[in-house]
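Line order of the protein sequences matches chains E and C.
Our numbering applies: residue 35 is where the first sequence begins, and numbers increase by one.
Our numbering applies: residue 3 is where the second sequence begins, and numbers increase by one.
Watch out, some of these pointers could steer you wrong.
[Stated by the list, open to error] Distance condition first, Cα-Cα at most 25 Å in a straight line; then the derived PhoX-like pairs of lysine-lysine: (1) 47/E - 343/C; (2) 419/C - 344/C; (3) 271/C - 47/E; (4) 471/C - 47/E.
If you're looking for bench data, these hints aren't it; they were derived computationally from the structure.
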Amino acid sequence: MAGIRGILMPQNKKIILTVSGIVLVALFWIFRVSSETNPQESHMITFLSLEEIEAAGDRRIRLGGIVKPGSIVIQKTNLLDCRFTLSQGSHTVPVHYTHARPDLFTDDAEVIVTGQYVSGIFEADELQTKCASRYEGDLRDESSYQLDALNL
Amino acid sequence: MTPVAGAYALNLALGFSLLSILSVFWFHFSKDARLYLVAQRLFLGTCLLVVFATLILTSELLNSNFDIDYVAHYTSLETPAIYKLTALWAGQEGSLLFWLFILSLYCGIVVIQNQNRHYKLMPWVLVILSVVQGFFLILTNFVANPFFPTEADFQVMNGNGLNPLLQNATMAIHPPTLYLGYIGFTIPFAFAIASMMAGESGSVWIRVVRRWTLVSWMFLSAGIILGGWWAYQELGWGGYWAWDPVENASFMPWLTGTAFIHSVLIQEKRNMLKAWNMVLIILTFSLVIFGTFLTRSGVMSSVHSFTESSLGPLFLGFVLFILAGSFALFAKRFSELKSDKKIESITSRESGFVFNNVLFVVLCFAVFWGTIFPVLSEAVKGTKITVGPPFFNQIVTPLGLGLLLLTGVGPLLAWRKTSRDSFLRNFSIPIVAGLLSAIVLILLGYRGSTAITGSLSLFVFTAIFLEFKRGSSIRMQKLGESLFAALNKMIARNRSRYGGYIAHVGIVIMFIGFAGKAFDQEAEWGLRVGENQHLAGYQFNLEKLSEAERPNHYAWIANIRVMNSDGEMLTILKPEKRVYFHNNPNPDRRQPHSELDIHSTIQRDIYSVFAAIDTESGTAFMKIMINPLVRLVWIGGIILVLGTAISLWPGKEAF
């Protein structure tokens, strides 16, 4: 019996060693990808405030804020070409975006844009909107609740 | 009056729940069996009161009682009846009540099923389930009460309405399906903790919860797949998975749950990994509550998350309470959970399951790490970082391919040890098939993970095919059965095993579908009627632009004729640009919505989004995507769920 145990024990050790090896390699890989500092290789995007935008250089960054009311300008000949002002408190930045826009993109919408800050304009290649406050926030104003106004 | 009855029902349910816990403890010390009966009845009373409260809220939603804040927020007079019903889980308060409703249904079934069984375990099961129920009852009573009256200084004649994105048939079934899976894991968790509390740390609880675990896992899988289907059909970005924190919240318990349904097989067959199974089910349930925390707290920015609320700290506190309590108990019972048996060979099925479990748990950790990394980074470095799909894909792809390999290897290994002969007999044909497919794929120009996925998929298919062939051939030879009868009886005789193989086939098909993502193409154009554009060898011609006024929206409809490179017509796509609340005099209150159209085949989907319309020039702005193999993801998903259903279907296990 002892002899059999002697033969079998290394099998258990082999499994423990293999499992430990897999876990270590996987953890190393996870931390390597997480700690990549080279902007060209990194899969993480830094979220900057509008105050810090000048320091971004040519890095791809992400900004969040509110679409300044009345700032949306859509090109007449190409409705996919859009310019608007992103505001964050008293800070603002002009944004240019040329793709299909989310349905909830409107004045005062809370948006996240990803792209590069080039010559004073943020050239966005991604535009995300948060769920409109009307579906989560306060009830609408009184006029919206009058049946005759809804023309049902 | 009726909403007050709903609120009272929730008040009473909380009281019943607390009394049920007290009765069990009293029973524990006095040993008076009548107290256990009292606890059971109080527990069933809690469940019935929750069901009653849910029915009241549903009725108020259907009747548009805007005196209730929740009804005014999530429905309007124009909302179709089906979506008034689905509004039950559209908002914070309603979805918490809906969570409680499903938990109560499950709890009722558990108590009725085990009324006269498992006397040592059941009192503690009642305590654990009552604690979970009690937590959600505290939330629905004091923090997010769905019966809260409307606070407005004017009479609310119509409600806000349901977000158009949620007015979709898939969205009507995705959340309930996901909830059925998510919440279902409460039952195995309750039995696991009860077994430790009762000092019954053997395998009884494993046998009791086997079917519950599979049912929960099946619903969770179906819920995740339906969520992907909804995102693909409705959101218009052409994908089905974005590694969004809330998507990850459902994926993490799925990963540990999948590890659990595999490792319990070793406990059932060899009485090993008892402690590990306990850890897995504790982790799975903790991840369920952690996922709910992610969704409710507003700590993560996500398209799915509810607005920031005070619920976050409560959920986080509850997760910590579960982890601390469970692991303290685990430490106390650890000596009883240790197994005296050891894995005898690295080429045994047991070790295959261990490797499978390790990969699932590491994968879960990777997803967890990527999900909380932005929060950690901000807390530690003060830098706000976002982690997107490339990060997850880089980490998850190698681990996923490792799991795909084990999907084929595992079933070919024998229990205890695989002999050299058996190894050669079982593995040679699948290995040759895998290698040949790798060569063919490389010759065709495919490289990297695409070639590996293709090769491993054929390896797994061949391995599973041979398993079916071996089993059915024996029956055909010995019993003279036809192929169909042999297959049918073979599956019926061992549903668990063959259902599992069918689920594996589903997973492999899904992997092939995922590989197609690398070849997606897209373009955006403005088209006038009669104009053409080209993408990936297809011609897109805007044939017609029409308009339609419907009960709750106005729509512009584009008819796009799609032709292949031979000039043959494939389909006419009809994406729509809709405006909800179009009659509202205030333009800011009108809600645009793109209703997309997809031409789907096994080879590829042609995906069209009506992005914008210039009514003056009659130009429709379109986004077109060519997405290869996406259909395989849905087909694989259906097979996965079907295989799991076969696995858990009750039947004669012995011939």
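Now the hints, each set against the structure:
1. 47/E - 343/C: Judged against 25 Å, a Cα distance of about 14 Å means the pair holds.
2. 419/C - 344/C: The hint holds at about 12 Å.
3. 271/C - 47/E: 22 Å, holds
4. 471/C - 47/E: 36 Å, violated
Hint violations for this structure: number 4 only, all remaining hints satisfied.
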